[in-house]
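So the sequences go chain by chain: A and B.
Heads up: the first sequence begins at 7 in our numbering, then just goes up one per residue.
Heads up: the second sequence begins at 34 in our numbering, then just goes up one per residue.
Don't read these hints as lab results, they were simulated from the structure.
Fair warning: there could be bad hints in the mix.
Stated by the list, open to error - Capping the alpha-carbon separation at 16 Å, the derived lysine to aspartate or glutamate pairs in EDC-like fashion look like this:
no., chain 1, residue 1, chain 2, residue 2
1, A, K70, A, D126
2, A, K220, A, D251
3, A, K70, A, D98
4, A, K70, A, E117
5, A, K140, B, E132
6, A, K140, B, E135
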Amino acid sequence: MNHAHGIFCGVIPPFVHEHMAVHGDDRTRRNALAALSLDTTVRAERLIVDLTAAGVAAQATAHKERAVHTADNTGALPGTLVRSEGDPSTGDPAVDEAYDGLGATFDLLQEVFGRNSLDDAGMPLISTVHYQDKYNNAAWDGRQMIFGDGDGQYFNRFTAAVDVIGHELAHGVTTHESDLLYMHQSGALNEHFSDVIGAMVKQYVAVPRQTAEKADWIIGAELLTSAVNGVGLRSMKAPGTAFDDPVLGKDPQPDHMSRYVETLSDNGGVHINSGIPNRAFHLAATGLGGCTWEKSGRIWYAAMRDPELRRLRGTARFEDFARLTLEHAAALYGPAERAVVEDAWQQVGVTAGTVPAAEQVADVWVLHYSWGCTDSSTRAVLTFHQDGSFSGDLAGKWHRQDGTLLLSFDDGPAQYAGTLVGDVATGAMSTFAGADGCWHLIRRGAAGIVGN
Amino acid sequence: MARVRYHVEGGFAFFPGLAAERVFETEALPEPQRDELLDLFETVRAHRLSSTGPMAPGGAADQQTYVIEVQESSDVRRIVVDEFDQDPAARELVARVRECAERCGPATP
Ligand SMILES: [Zn+2]
Ligand SMILES: [Zn+2]
Numbered sequence: 007m008n009h010a011h012g013i014f015c016g017v018i019p020p021f022v023h024e025h026m027a028v029h030g031d032d033r034t035r036r037n038a039l040a041a042l043s044l045d046t047t048v049r050a051e052r053l054i055v056d057l058t059a060a061g062v063a064a065q066a067t068a069h070k071e072r073a074v075h076t077a078d079n080t081g082a083l084p085g086t087l088v089r090s091e092g093d094p095s096t097g098d099p100a101v102d103e104a105y106d107g108l109g110a111t112f113d114l115l116q117e118v119f120g121r122n123s124l125d126d127a128g129m130p131l132i133s134t135v136h137y138q139d140k141y142n143n144a145a146w147d148g149r150q151m152i153f154g155d156g157d158g159q160y161f162n163r164f165t166a167a168v169d170v171i172g173h174e175l176a177h178g179v180t181t182h183e184s185d186l187l188y189m190h191q192s193g194a195l196n197e198h199f200s201d202v203i204g205a206m207v208k209q210y211v212a213v214p215r216q217t218a219e220k221a222d223w224i225i226g227a228e229l230l231t232s233a234v235n236g237v238g239l240r241s242m243k244a245p246g247t248a249f250d251d252p253v254l255g256k257d258p259q260p261d262h263m264s265r266y267v268e269t270l271s272d273n274g275g276v277h278i279n280s281g282i283p284n285r286a287f288h289l290a291a292t293g294l295g296g297c298t299w300e301k302s303g304r305i306w307y308a309a310m311r312d313p314e315l316r317r318l319r320g321t322a323r324f325e326d327f328a329r330l331t332l333e334h335a336a337a338l339y340g341p342a343e344r345a346v347v348e349d350a351w352q353q354v355g356v357t358a359g360t361v362p363a364a365e366q367v368a369d370v371w372v373l374h375y376s377w378g379c380t381d382s383s384t385r386a387v388l389t390f391h392q393d394g395s396f397s398g399d400l401a402g403k404w405h406r407q408d409g410t411l412l413l414s415f416d417d418g419p420a421q422y423a424g425t426l427v428g429d430v431a432t433g434a435m436s437t438f439a440g441a442d443g444c445w446h447l448i449r450r451g452a453a454g455i456v457g458n
Numbered sequence: 034m035a036r037v038r039y040h041v042e043g044g045f046a047f048f049p050g051l052a053a054e055r056v057f058e059t060e061a062l063p064e065p066q067r068d069e070l071l072d073l074f075e076t077v078r079a080h081r082l083s084s085t086g087p088m089a090p091g092g093a094a095d096q097q098t099y100v101i102e103v104q105e106s107s108d109v110r111r112i113v114v115d116e117f118d119q120d121p122a123a124r125e126l127v128a129r130v131r132e133c134a135e136r137c138g139p140a141t142p
C-alpha cells in the first residue's frame, strides 16, 4: 500500500478517477449520461459525474472572491470591508493572514476536489477579523468566518494558524453537503471533517508540501502563547496530548471509542469526541501513504458528500461515517485501500456499521446485459465481495449508495448505473464512446423471479 | 442584591480550565449599571419566552454559548445565549456580563 513517494508531494491533477476516466467528446458523454439517467436517479448521474469529468468542468469556472472585514474590536458583523479579491496586502497581519488562508483553502478545494467554493457554486468567502476585544475564538456563524485577536496572554490572534481558517471554511462545506447536526456524534463528525480539511490545508501550503508521515497533525499550533504549556489546540495524531496547563486545563480529547466522553457541555462534546475520528483519519492517511489529499482526503471528502450522510444528518454515528469511508475507499481505489481504512477505524475502536441483510450486496448475482438494448442479452454470473470488488464471469468493482448501484469493469471503460431494490437491480450502461445499453441484475436464488 | 453566575461553553476548542463558572455580585457594580444589567436580563428572558423563531442562524459552528443565571434570594432564573444570537438584547447582555465578570474580580464559586 505504501507506494514509493518522493519527499515532496506533487501537485496532483483535479479529481479524475484513474479507473473511471472518461474518454470521448462532450456530446457523447452527455448522451451517455442522459441514457444512464433515464433508468436511474439524479443521484446516480451525479455520482458518475463526480467520478469523471465534473471536477475539471467545475475548476474551469471556479470563482474566487474573498472579502475580509474588520469589526474594529466590536461585535459588528461583517464590519468594514478592508480587503477585497485582488487587493494588495494591507500590512495588518490579521487581515492579510485571513486573506491568504481563505485563498489557500479555496485553492485546495478547487485543485484537489474540483470544488467551486463552499457551496460548489462560487459563493464569496466572507470573513471578519478583530472581532470583539481579546476574543479567544474563531467561528462560523452560518454565513461567514469570524476571528478574534486572542487575549495576548494565552492566545495569539486566531488567523495565525492556517488550519484554523481551513477548519472554519470546512464548516461551510459541511453545511452545503451533509449538514451534519452540530450535536453529539453527528456534531463530532462535523468537527472532525473541519479538522481534516484544516490539517490538509496546512500540509498543502507548507513549503515543501508535507506528506502525512512528515506532518505534525497539530491543530492551531500557532495559537497558544509561550505562557501555555501546550503545542496547540488539538492533536489528530495523539488526541488528548495537545495541552496540559494550570489555566487551560488538560486536553480532554479521547483517542479511542472506549474513552468516549458523554457530556452535555460543548453541544454534547463535539470538540471533545472528534478526537476519535481524527485519530482514525491520521492512521488512514499515514497507512495509505503519500499526501493526505492523494487518497485519504478524497475518501473522506467523498464520504462527507455521500447523500446517505445527509439522510442520516442528525443521527449519524461514527460507525456510519466509517462505513461510508470504507465504501468510498473501495470504490475510488480498491480492496487494499479499503483494508487500510478499516484497520484505522478498528484501531480507534470503531467498527464500521453494516447495512441490513436484505440490502446486502455481497452475494452471488446473475447479470443480463444488452448493448443497444436489444431483445437478446448476455448472461454472466458474478460474485460480489464485501470489499467492493466482484469476480466470476467478469471482474470489476461495485459501489452502492442507498438504492444506487454502480459497476465498473477491470476490462474496458463501460460504466453501469442502476437502481437496486431488494433482489433486483435495473439500469443502463455506457462506454462513454458511443455505445450504450441496458442491464439487469438478479440475486441468484431469489424467489419468484423468472430467468434467474 | 443579586448574584450572577455564568459560564462559557463551546468555541473552537474545549478548554476545561476556561469552562469554569464565574460569579459576581451585582452590588459590586455602580447602581445604574446594576439596574441596567438586571433589566436587560429580564428583557432577554421575555424575548425567549415569546419567541417562536430560531435564535441563531442555521449551520453555525464553534460559537460560544453563555449560560447565565441570576439568583435573588432563593429565586434562580437561567438563560442560555448563543454567541450569534439574533436578538440584539441577548448579545448586549452577554457583552455586559463578560465585562462585569472581568471587572468584578476573579471567580469564587
Ligand atoms: Zn501512495
Ligand atoms: Zn469547528
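Going through the hints against the structure:
1. K70(A) <-> D126(A): holds (11 Å)
2. K220(A) <-> D251(A): violated (27 Å)
3. K70(A) <-> D98(A): violated (21 Å)
4. K70(A) <-> E117(A): holds (12 Å)
5. K140(A) <-> E132(B): holds (12 Å)
6. K140(A) <-> E135(B): OK: K140(A) and E135(B) at ~12 Å, within 16 Å.
The structure is inconsistent with the numbered hints 2 and 3, although it conforms to all the rest.
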